[in-house]
Amino acid sequence: MATAPTTYSPSQGLERRQQQQRRRIFKEEDWVRSDGRGFNQCRPAFLRTGAGNAASGSAYAEFGTTKVIVSVFGPRESKKAMMYSDIGRLNCNVSFTTFSTPTRGQGLDNKEYSSMLHKALEGAIILESFPKTTVDVFALVLESGGSDLPVIITCASLALADAGIMMYDLVSSVSVSCFGKNLVIDPTAEEEAFQDGSFMVTYMPSRKEVTQLTLTGEWSTAKINEAMELCLDACLKLADVLRSCLKEAANAG
Amino acid sequence: MRDLQVSFSQTQRVRFQSALQQLKDLSPGSGPAATVVVADSIPVNLEDSVLKGHGTAESDGQLVATVCGVVERVNKLVYVRPFRARYKPEIGDIIVGRVIEVAPKRWRLEINFSQDAVLMLSSMNLPDGIQRRRTAVDELNMRSIFEEDDVICAEVRGFQHDGSLQLQARSQKYGKLERGQLLTVPPYLVKRRKQHFHHLEDDGVDLIVGCNGYIWVGEHLETGENVMLEDQDNHMEKDGKSNLKLKGDQDEEGTFTSVETRRSICRIANAIRLLSALGFTLSLEAIIDTVELSFASNISVKDMLAAEFYVQTAEREVERRVSKLRKKA
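Going line by line, the protein sequences match chains A and B.
Here UniProt numbering is used: the first residue of the first sequence is 1, the next is one more, and so on.
Here UniProt numbering is used: the first residue of the second sequence is 1, the next is one more, and so on.
Don't take every hint at face value.
[Stated by the list, open to error] Cβ-Cβ distance ranges computed for the label pairs, FRET-style:
no., chain 1, residue 1, chain 2, residue 2, range
1, A, 87, B, 74, 21 to 31 Å
2, B, 160, A, 111, 48 to 58 Å
3, A, 91, B, 322, 47 to 57 Å
Treat the hints as calculated values from the structure; they're not laboratory data.
Ideal Cβ positions, reconstructed from N, Cα and C, are used throughout, including at glycine.
Generate coordinates for the entire structure from the input sequences, incorporating the hints supplied.
Structure representation (structure tokens):
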């Protein structure tokens, strides 16, 4: 063991060359995704309710290598410092574990994701049903494998349903990456790093309402239409998975 | 049932599952058809007038569920009974709660409701048992009655116009609970009864089954006339302030609980834990029956939460329900 080098890092040049090579691959018309999926194929989804005992509701989601756990607390009385309000409050917090990304960092609260999660959920929850109280949603990303936010949102809506909080509908969310002419659904972390643009939609399938839509990068109108159709269809199918998960939990006791 | 984390052996698993299956067969037809998840439409005949109850909403002329649960119908009313709901208080409920704050003229209690409950100083009996106006001195001495983190027992008095909950404790049986265990169970396992205070005389144990799913198992305390008289005597002897001190001395003398009683407390507490983990209704009969079963099969207190006793309890529940059905027929 003494002779083995303690650390190993590829030379800078090699890394850069590899990156360029990858970028070139993504520019091409046709390429194979790292996990062998088609461009219009989502990762297999695994969802379970009741991941934690202390929370009033919780859920665990695993989409490929993206693993998320969401706990919902409440409704519980709002802090005194807050003003009186006739409707309930929703408080969202997204955090990453220190080991969630390949580069080890500090598990920081992600402010941007927290506010996006809040925006995505607040339209679906019937806030009038719990005045003066707060519902806390805590999402923890155990492993970040791409499309984190859509997975967090989907998992959070499942956890809310598990907690017995009144909602208009379940929320499912899917994102699409754009590579030149290609649209790639449910991108992995690697694909997200090289994408030209991203598109995410959160959708309530039974009510046919979109609660949130984000668009980054360069898009043409035709492409947006195509991406939208792709996403809505995927959301619809994802909601069926959510439903069957809840049904299963209900029948188990 | 979901937090059941016991490692069964092969035979135990088979026995347990057959017991559960029997229970399922015995329960009167609440098939899977009646369960709904969020945004499922509930089939109703819209030509009849329908009253939309809790957990339902109308969307595109259809009745849809807003929570996961079981559809219940009472005449015209259609509502969804949620699976995992918080406690919903009703006036007159006996509840057990924990003091989280001493505020001016009131205590705030955590009672497993979506809001904190309020117990006003004026809506409880003073320790000396005299009816009078509460003075500023009483207000200053509030901490001598209940402090933060005390477990107390009270009754739901009513709701304020803003939806907050008021409690009252106008009897000797209510008040601070000491020397025992507080258990938390899902509130739907506790059914409202005539009697929520139980004194198990054989064991010298008090059992208070709070409607909010908080259950108190503690050493039996004499309440009622005797205590009150005694307190008054003390009051006569000395003036108000030293009375408090004297009460403290009494406490110190009385903190000894015999090993026997402590064992019974643990045994009853474990019986309740077991029943709630299995999802059986927590009636006094069921609890006592489980305790007796543990005695009969010579199971020690610590082994009550092991796999074997889980199976035995489930099988006993099957027997109990079968015999109940036979009696009816």
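| query | Can you list which hints this structure breaks, lowest number first? | reply | Violated: hint 2 alone.
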